[in-house]
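Chemist: Which chain is which? The protein sequence lines are S and U, in order. The letter at position 22 of the first sequence is residue 22 when you use the working numbering, and the numbering goes up by one with no holes. The letter at position 185 of the second sequence is residue 432 when you use the working numbering, and the numbering goes up by one with no holes.
Hints in this document: simulated from the structure, not taken from any laboratory. Glycine residues also receive a C-beta, built at the ideal position from the N, C-alpha and C atoms. Certain hints may be false.
As the list claims (entries may be wrong) - Partial selection, computed: residues in chain U whose CB lies under 10 Å from chain S:
(1) GLY281
(2) ASN398
(3) MET412
Unchecked claim - Some chain S residues well away from chain U (every beta-carbon gap over 12 Å; in silico):
(4) ILE158
(5) ARG214
(6) LEU222
If you want the building blocks of each chain, they are given just below.
Protein chains: 2
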Amino acid sequence: MFDSSLKNKFNFILVEPSHPGNIGAAARAIKNMGFTNLSLINPKDFPNEDAFYRAKGAKDILENAKIYEKLSNALKDATLIFGTSARTRTIPWPTKTSSELSIVLKKALESSNAKVCLVFGREISGLSNEELQMCDYHIKIPTDEDFSSINLSHAVQIISYVLKMEIDSIDLLPEMENESPTFQENEYLIDHFDQVMKKMDFYDQENPKQVKTRMRRLIKRLKPDKLETGILRGFLAKIEQVLNKKN
Amino acid sequence: MFDSSLKNKFNFILVEPSHPGNIGAAARAIKNMGFTNLSLINPKDFPNEDAFYRAKGAKDILENAKIYEKLSNALKDATLIFGTSARTRTIPWPTKTSSELSIVLKKALESSNAKVCLVFGREISGLSNEELQMCDYHIKIPTDEDFSSINLSHAVQIISYVLKMEIDSIDLLPEMENESPTFQENEYLIDHFDQVMKKMDFYDQENPKQVKTRMRRLIKRLKPDKLETGILRGFLAKIEQVLNKKN
């Protein structure tokens, strides 16, 4: 059951792209595969003539591109976030190769408020650790080990091609009823845990930063549904009440 | 059984590319996926600074790129030829989507003299009918119906990505003994049929050009092995003898 409107549920996000040519080439790449939504985080030089030249027949994608100052602002309604990453990180994150997307994609697209974000990093330095930790999954495009640095718009082309192939072959359940929590709701839950931990002086232990990151990763991997999120937040509120009474 | 030297059996061929930037970006794209061989047919502007700039760490691919005047010269040793094509042609040709490559690829790679060529057309006009008819298969990269014109280097990136994924997962038979006829040997066979048909006045019938093209397509699809090629050419020689006696 293929629904062309499925592609509207995707958003391609370029974080601080330096070269306007890459923005235009990325716009053309996603439109070639039937996608329409492009967001730019703090682009170095945009709007720019070279971007529109390289976009060819995809100038509409550039004209409708949304621009944000920070990645988190672009992710607010996201229900599933993939970040592209070439390097291996100190704290390992759930990682998919480009050909393994279908498994998580199908589930995400069955929710009524599905919004899948694909996040691409800077040409030279990629995504920061903080940005990568906003993602549910990291995607690693398989490359030759000795030469792994793919041009930004080419990475966008590979991912949008793989997504098109996946979406065109996905067999969705007819009822799209369950609602997924958004990035913002997840952030509230992560913050809530953090607040409670702070109140409990949990943070006085060694290496507080790692603890917070690991809690973040745990919740990202857990992917609680709306009801579960409610339960967890209720539980946290209860702890807070107890703590307040004690003081 | 993956053998990294398999990738040396591939050759990416760009026919009359106009933009040197695309040549550089294509070089980077194939190196990202572990390929090394690039050939250029009559490039408009090469060597060129912009090509080397866009190649980044793949300058060696450009330095070693082979340049030919005509596509047929670059194909001489080829045992399997794919040509990229967006349009549907008057005479339909065996066509594979990018995800269907594996079926024909495996068989080709099992021959001891395997040389697989991927042929990409001009930025604006693609490959000519004559060039497309030199190919064993046409590849159609699936795109959005309303916006199918993919940037040249992006098309190279998609195909090289798909090939890498296929090659990395192919399970080759250990003995690579059977030898495939090359493009040139096939051309001799096609020409031989043509000569015999002319001698028989087969060409005086309506629409001679279509007949020749259809014979070409038939032999391309047949993919005779060396022995079969020998039998067919023996048969043609025999017909010639008979014709000569008659005259």
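Chemist: Please go over all the hints and tell whether each is borne out by the structure.
Modeler: Hint-by-hint comparison with the structure:
1. GLY281: Given a least distance of 4 Å, the restraint on U/GLY281 holds.
2. ASN398: holds (6 Å)
3. MET412: At 6 Å from the nearest chain S Cβ, U/MET412 passes the 10 Å test, so the hint holds.
4. ILE158: violated (5 Å)
5. ARG214: The claim holds: S/ARG214 sits with its nearest Cβ about 33 Å from chain U, beyond 12 Å.
6. LEU222: The claim stands: S/LEU222 keeps its Cβ more than 12 Å from every Cβ of chain U (closest is about 31 Å).
In the structure shown, a violation is registered for the earlier hint numbered 4 alone.
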